[in-house]
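Modelling step: build the complete structure from the supplied sequences, incorporating the hints.
Going by my numbering, the sequence shown opens with residue 4, and the numbers climb by one from there.
Take these hints with a grain of salt, some might be off.
Said to hold, decoys possible - What follows is a list of derived Cβ distance ranges for each label pair:
1. Glu99 - Ser15: 21 to 29 Å
2. Arg87 - Thr134: 28 to 36 Å
3. Asp13 - Phe129: 25 to 33 Å
4. His107 - Gly139: 31 to 39 Å
What the hints assert, rightly or not - Quick list of in silico lysine-lysine cross-link-like pairs, DSS-like style, CA-CA up to 27 Å:
5. Lys18 - Lys56
6. Lys76 - Lys91
7. Lys91 - Lys18
8. Lys18 - Lys76
9. Lys91 - Lys56
10. Lys76 - Lys56
Keep in mind the hints are simulated off the structure, nothing from the lab.
The structure presented is a predicted model; accordingly, all values stated were derived computationally and were not measured.
Virtual Cβ for every residue (Gly too), placed ideally from N, Cα, C.
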Amino acid sequence: MHFGEASLADESILKLLEYHHADMQVVSPPGTAYAFDIERLNAPDIRLFGAWKDGVLLAVGALRSHPDFAEIKSMRAAREAAGRGAGKGLLSHMLEIARTDGFHTVKLETGINPAFDAANGLYRSFGFTETEPFGGYQDNGDNRFYALSLSAAQ
4 MHFGEASLAD ESILKLLEYH HADMQVVSPP GTAYAFDIER LNAPDIRLFG
54 AWKDGVLLAV GALRSHPDFA EIKSMRAARE AAGRGAGKGL LSHMLEIART
104 DGFHTVKLET GINPAFDAAN GLYRSFGFTE TEPFGGYQDN GDNRFYALSL
154 SAAQ
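Here it is, written out as structure tokens:
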């Protein structure tokens, strides 16, 4: 599997991100999905990454830079990649990028309903622990906030 920077000019990246955004609107109660649309992912504070095998996109994710921490956004494995380690590998890659970029903490927001069980399990397996809302997010009763100290990361 290959991990690296991704581009919104790549049609497979666009399709997976569009699917992710649309799905978040479906599986989250109205007004509780904080998934970025394509326009917001094309901002200067966002870096996109992908996981590929044999030229096929398996997963996508983004790092958003804040003054004091990095934030994971839009993590999504393709349906056909479920259980193949793409999400785990991509998360590991993005954490290393955040560390290399000088960040000491990585945070994220995700959902709590069963559609998010795999994501929550993945984040906990990397040592993310629950934290308070950050960066303008609101606790709406349907989301969870995580933080990871990179000095403690695997």
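Exercise. Of the numbered hints stated previously, which ones are contradicted by the structure, given in increasing order?
Worked result: Failing hint: just 4.
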